[in-house]
Structure formats: structure tokens, C-alpha cells
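A.B. asks: Protein chains in written order, with the numbering used here: chain A, 622 to 1026; chain B, 384 to 487.
The set of hints was computed from the structure by calculation and includes no laboratory data. Keep in mind the model is a prediction, meaning the values are calculated, not measured. Don't be surprised by glycine CBs; every beta carbon is placed ideally from N, CA and C. Where hints are given, some of them may not hold.
Stated by the list, open to error - In silico DSS-like cross-links for lysine-lysine, where the CA-CA straight-line distance does not exceed 27 Å: (1) Lys-455(B) / Lys-693(A); (2) Lys-761(A) / Lys-748(A); (3) Lys-761(A) / Lys-464(B); (4) Lys-475(B) / Lys-670(A); (5) Lys-798(A) / Lys-464(B); (6) Lys-475(B) / Lys-629(A); (7) Lys-642(A) / Lys-670(A); (8) Lys-670(A) / Lys-455(B); (9) Lys-478(B) / Lys-670(A); (10) Lys-786(A) / Lys-798(A); (11) Lys-748(A) / Lys-464(B); (12) Lys-475(B) / Lys-642(A); (13) Lys-670(A) / Lys-693(A); (14) Lys-464(B) / Lys-478(B); (15) Lys-871(A) / Lys-891(A); (16) Lys-748(A) / Lys-478(B); (17) Lys-761(A) / Lys-455(B); (18) Lys-807(A) / Lys-748(A); (19) Lys-629(A) / Lys-478(B); (20) Lys-807(A) / Lys-863(A); (21) Lys-629(A) / Lys-642(A); (22) Lys-670(A) / Lys-748(A); (23) Lys-642(A) / Lys-693(A); (24) Lys-478(B) / Lys-693(A); (25) Lys-642(A) / Lys-478(B); (26) Lys-670(A) / Lys-629(A); (27) Lys-455(B) / Lys-891(A); (28) Lys-761(A) / Lys-798(A).
Stated by the list, open to error - Taking CB as the label site, the calculated pair distances span: (29) Lys-475(B) / Val-929(A): 15 to 21 Å; (30) Asn-469(B) / Glu-817(A): 57 to 63 Å; (31) Glu-791(A) / Phe-463(B): 56 to 62 Å; (32) Leu-462(B) / Val-929(A): 50 to 56 Å; (33) Leu-462(B) / Thr-778(A): 37 to 43 Å; (34) Ala-653(A) / Leu-472(B): 30 to 36 Å; (35) Tyr-476(B) / Ala-779(A): 51 to 57 Å.
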Amino acid sequence: MLNSSSHKDSNLKSSFLYDVKPDICVYRGCPAPTVKTDSSSVEFFIEIKWNTCDDPFCVVDDENKSFLRDAKNAFDTLGQITAYAAVHLAAQFRMHVYLVFILRGTARILRWDRSGTIVTEPIHYNKSPHLVEFFRRYSKASDAMRGIDESVSTPTTAEARVARKALNIEAHIPLLKLSVPGPHGKTQYYITAPPEPTLYTPPGRATRGFTAYDIQWQRLVFLKDSWRIDLCDIMPEGQVYKILNTAKVKHVPTCLASGDISASEYHTTKTQNYVTVPWNSSSHHPETRLIPHQHYRLILDVIGQILVNFQSSREMVAAVRNGVIGKVLWIPQLDHTDVQRCSALQEAFEAGILHRDFSPGNVIIDAARIGWLIDWDLSRPCHPQYDIETPRRATRTVRPHLRHT
Amino acid sequence: MEPSSPIRNATLQVPQSTPVKANLATTLPFTTTQKYRVESVSALAQEIKRYLVGPMPPQQFLDEFFPLSAIKEARRVPLFKPGCYNAALSVKYEKDVYEPFVSI
Chain A
622 MLNSSSHKDS NLKSSFLYDV KPDICVYRGC PAPTVKTDSS SVEFFIEIKW
672 NTCDDPFCVV DDENKSFLRD AKNAFDTLGQ ITAYAAVHLA AQFRMHVYLV
722 FILRGTARIL RWDRSGTIVT EPIHYNKSPH LVEFFRRYSK ASDAMRGIDE
772 SVSTPTTAEA RVARKALNIE AHIPLLKLSV PGPHGKTQYY ITAPPEPTLY
822 TPPGRATRGF TAYDIQWQRL VFLKDSWRID LCDIMPEGQV YKILNTAKVK
872 HVPTCLASGD ISASEYHTTK TQNYVTVPWN SSSHHPETRL IPHQHYRLIL
922 DVIGQILVNF QSSREMVAAV RNGVIGKVLW IPQLDHTDVQ RCSALQEAFE
972 AGILHRDFSP GNVIIDAARI GWLIDWDLSR PCHPQYDIET PRRATRTVRP
1022 HLRHT
Chain B
384 MEPSSPIRNA TLQVPQSTPV KANLATTLPF TTTQKYRVES VSALAQEIKR
434 YLVGPMPPQQ FLDEFFPLSA IKEARRVPLF KPGCYNAALS VKYEKDVYEP
484 FVSI
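Work the whole structure out from these sequences, hints included.
C.D. replies: Structure (C-alpha cells):
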């Protein structure tokens, strides 16, 4: 447990505009003497406020009232600890994280997962054992119970050497080995670099994309790590790709492997299970809607760049056209003849799949400067054979926030 | 004429209205630091507030997320001693609490 109040996050992969400086960082064992704040290795953060007006929470004396304080300073603190949790989740492979918020003599423990956040009642930690008991149990808990993703390991020296060369990653950057369910129940392994934190609020699909090295087939692939929505009307993305690939829809990558990471309880979100319990004061909040998520990975054969990295306006237009426009447009200067003939969106619809999340972020350009339509995880079967008729989902793509401290 | 200090105005009254708080919002309201930090913090708070569940009783929290039955090395003897945070709680300012808190 280190005083990190005057040390900004030393995680080199972090690219936030403002410094992340939680008051106390808790590590496993003894970190290097130079490490004070490091979101890539911290176990959990502790944030301390001494002024009661900074408390984002209040004591609930009426079951119809929220336990959130509606005041500017309270909102600032809530945003601050949310940012810390977001950084923590983004900088590591974790299913959930904990954070302790202290206001003078009281503490609250918060558990963040991709469905929502559970907040405890205030703990008078100098009189009540619960905070110390939390520290004690956490220190003895298994990695999975702490939230650490056990499907991520360290590659062997030989694996790392080959992967580092293929991925062109410098020697000082650590490599990680991720498991993905493959065909016929056989687990496959891929090597990639640690994630670069992006500031998303914790709830949501938390999609992270990596260029990865396929150990078995010795090739580069695209690895997508996300938390898919675990509802019956949302088909797992790998199954959608299977339909699209079987129908030979053009400009849709081929899915090489996909599946839920584990049947373990820790790879599914839990917060949604507590919405209807009697002590939850936010159950009366009309906007409270928590969606269950399941940890999921998927491997694609196309490694692309985001659409905004186009080299010319013609290239960008052509890439979008690959994805969305069904009619053939003839442009004499266009080099790629095949881009004039097909539309992933149109062909997918004809194959029985409606994308429903078409956006600039979901069209990528590959090395041959051809556009591909990806991110089918919110798509919906639109063919009568699937017999699914549910309303549109209220929330879809979660926008990244402005960066902050 | 000899220089002299100005005569103290004994009639000055202590302000009775809400005092002005000297923070970034009042002293530097138009800086980019202020503008973007508040925007981003507020955006995060605004988004997360509808995903918060609570307040959960702390004993239930511990038993559900850290059940003793699943923690092999957990000793059942409590380590907590009432008053163990006296040193941390005796400080006046927040900046002085970090060291005593981590040294428990």
C-alpha cells in the first residue's frame, strides 16, 4: 500500500491527456522502488476526501430516494473515481476491479464490472472491521476472485521470440498470451502486446482490438476482446460471422475462432443481479437498466486500420462504399475493381443479418486499401427463420470520453 | 508631510452573504484546464450514475464476493482492532492522512 498522491500514472501505455493520481495504490508484494502509481500492475486504488461536500454518496433515509448526492463537488468526485476504475480496467486484463473511497472516518468499497457498479454502505472503519476484513480477504483471494483474467498468461521464451519478430514489437515491451476457444473445443493461443488504456466508462462491451500472432498457424491475425451482451435476442458475433462467411458476403472478414472465454462465474457480469434487491435505492431510478455481459474473444483474418487513416478522400469513399452502398458506381480513376461490385451491408441483409451499428469506427481499411465491415456484435437476424421480434436496444455504441485527470 | 498608514476603516463589516470560494471555477473560470476537466469529469459521472447499485450491506458484500469458503488461507481470527486508524483520523488536512493510512 503506497502513498501515490503526488505521482502520476507511470504506465507508459497510458495516453491520457491529464495525469491519473489516485491517493493510494495497493500492489501485490513489493513493487519496484520507483513505482508509485502504475495502472498496469495495481491491485486497487484508494481515493480519500476530507471535505464532506466532496462525498458523492449520502445516507439513504427514504427508500424512494437515491443514495447519490446531487451537487457539483459530489459529481466531480464521482467522475474522478469512475476515471480511476476505467483506467484500471483498461490498462489490464481484468473482469472486475475494486476501489475504496474514503471520506474522513467512513469508507465505501466499490466493485466495478462491465454491467455496473456496486457500492457498499458507509463503513466506519475505525470502529467496524469490514474495511480491514476486505483488505485481509482480498490479500488471500484467488486471482480470479480479485478480477484477474486467468486466460491471459506469459508466452514461453521461444514463443515470445518468434511473436516479437512477427509483430515488430520492441524488446522492452512485455508480451501476453491469450487463449481463445477454437474449432472442435480446442483452445488456441495468440500473443500480443498489453492493451493501451482508452477512457470508456466501465459498463459496456469494452471492445479492445489487437494485432496478434497465431501460435498454431504462425501468422498475424486480428484479436477482438470484448464483453458481449448476454441476452437471447443478441447472437454471439462469431455465429453472425459464420452465417456471413457461409453466405460468402463480400467485404466481411473471415472469423477464424470465437467463443466465450470461460464458463467461470467471473467471466460474466454480476452487478445486474442486484438491481431488484431490497437495499438497492437506485432500483426506483427510471434510467437504471443493467445489461448482463459475457467475456468473449474473436479472431479475424483481416488486420485493418481505422477508417480515418485513409490516404486519400477517394480511398475513404471507396471503403465506405464497400460497406454500405449497394449500387455500382463507376469511377474511372478507381484502381480496385472489386470494390465497385459489392456491399457488405446489403449482402449481409440478403443473408439474413442486419448490422444495426454502422459507423465510421466499424469500417476498416486493410493493407490493400480495401474497406471491410466489422463489429457485428449488435447485429440482429432479420430473416423470418430466426423468429426474433424485440424492440431496438436503447444504448449501443458507447462514445469515448474526453480525456481527463 | 510625513507618510502615514491609511486610517483603518473601523466600519467595515464582515460579509454576511455566501463567501466566494477560491477554486478553479471562480478564479480561472475560462482556462482550458478548467473547461475540459469539468466537462470530462461531468460526462463520466453523468454516464455512470445510472449504473450504480447500492448501498449494499458490507458484510453481504464480503460474503458474496470474497466468501471465506473459497479463500483457502483465510484465517478466521479477525485482525481488526478498534481504533487502529486513530493516527490517520487525527490529522486536520487530507494531505496529511496518506502516510498514516498506508502505514497501518
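A.B. asks: Does each hint fit the structure? Answer for all of them.
C.D. replies: Verification of the hints:
1. Lys-455(B) / Lys-693(A): violated (44 Å)
2. Lys-761(A) / Lys-748(A): holds (23 Å)
3. Lys-761(A) / Lys-464(B): holds (19 Å)
4. Lys-475(B) / Lys-670(A): OK: Lys-475(B) and Lys-670(A) at ~12 Å, within 27 Å.
5. Lys-798(A) / Lys-464(B): violated (43 Å)
6. Lys-475(B) / Lys-629(A): Distance ~24 Å between Lys-475(B) and Lys-629(A) Cα, so the pair holds.
7. Lys-642(A) / Lys-670(A): With Cα atoms ~13 Å apart, Lys-642(A) and Lys-670(A) stay inside 27 Å; holds.
8. Lys-670(A) / Lys-455(B): Violated - the C-alpha atoms of Lys-455(B) and Lys-670(A) are around 34 Å apart, more than 27 Å.
9. Lys-478(B) / Lys-670(A): Within the cut-off at roughly 9 Å; holds.
10. Lys-786(A) / Lys-798(A): Holds: Lys-786(A) and Lys-798(A) sit about 15 Å apart, inside 27 Å.
11. Lys-748(A) / Lys-464(B): Given that 27 Å is the threshold and the Cα spacing comes to 8 Å, the pair holds.
12. Lys-475(B) / Lys-642(A): The given pair, whose Cα atoms are some 21 Å apart, holds under the 27 Å limit.
13. Lys-670(A) / Lys-693(A): The hint holds at about 15 Å.
14. Lys-464(B) / Lys-478(B): At roughly 25 Å apart (the allowed maximum being 27 Å), Lys-478(B) and Lys-464(B) satisfy the hint.
15. Lys-871(A) / Lys-891(A): Status violated; Cα separation ~38 Å.
16. Lys-748(A) / Lys-478(B): holds (23 Å)
17. Lys-761(A) / Lys-455(B): holds (8 Å)
18. Lys-807(A) / Lys-748(A): violated (52 Å)
19. Lys-629(A) / Lys-478(B): holds (16 Å)
20. Lys-807(A) / Lys-863(A): holds (18 Å)
21. Lys-629(A) / Lys-642(A): Status holds; Cα separation ~5 Å.
22. Lys-670(A) / Lys-748(A): Cα-Cα ~19 Å, so holds.
23. Lys-642(A) / Lys-693(A): holds (21 Å)
24. Lys-478(B) / Lys-693(A): holds (22 Å)
25. Lys-642(A) / Lys-478(B): With Cα atoms ~13 Å apart, Lys-642(A) and Lys-478(B) stay inside 27 Å; holds.
26. Lys-670(A) / Lys-629(A): Since the Cα atoms of Lys-670(A) and Lys-629(A) sit roughly 18 Å apart, the hinted pair holds (cutoff 27 Å).
27. Lys-455(B) / Lys-891(A): It holds: about 23 Å lies between the C-alpha atoms, which stays within 27 Å.
28. Lys-761(A) / Lys-798(A): Judged against 27 Å, a Cα distance of about 25 Å means the pair holds.
29. Lys-475(B) / Val-929(A): 15 to 21 Å: violated (51 Å)
30. Asn-469(B) / Glu-817(A): 57 to 63 Å: Taking Cβ atoms as reference, Asn-469(B) and Glu-817(A) lie about 43 Å apart, which means the hint is violated.
31. Glu-791(A) / Phe-463(B): 56 to 62 Å: For Glu-791(A) and Phe-463(B) the Cβ distance comes to about 47 Å; the hint is violated.
32. Leu-462(B) / Val-929(A): 50 to 56 Å: holds (53 Å)
33. Leu-462(B) / Thr-778(A): 37 to 43 Å: Distance hint for Leu-462(B), Thr-778(A) holds at roughly 41 Å.
34. Ala-653(A) / Leu-472(B): 30 to 36 Å: Taking Cβ atoms as reference, Ala-653(A) and Leu-472(B) lie about 31 Å apart, which means the hint holds.
35. Tyr-476(B) / Ala-779(A): 51 to 57 Å: Holds - the Cβ-Cβ distance for Tyr-476(B) and Ala-779(A), about 55 Å, lies within 51 to 57 Å.
Comparing the model with each earlier hint shows violations of hints 1, 5, 8, 15, 18, 29, 30, 31; every other hint is respected.
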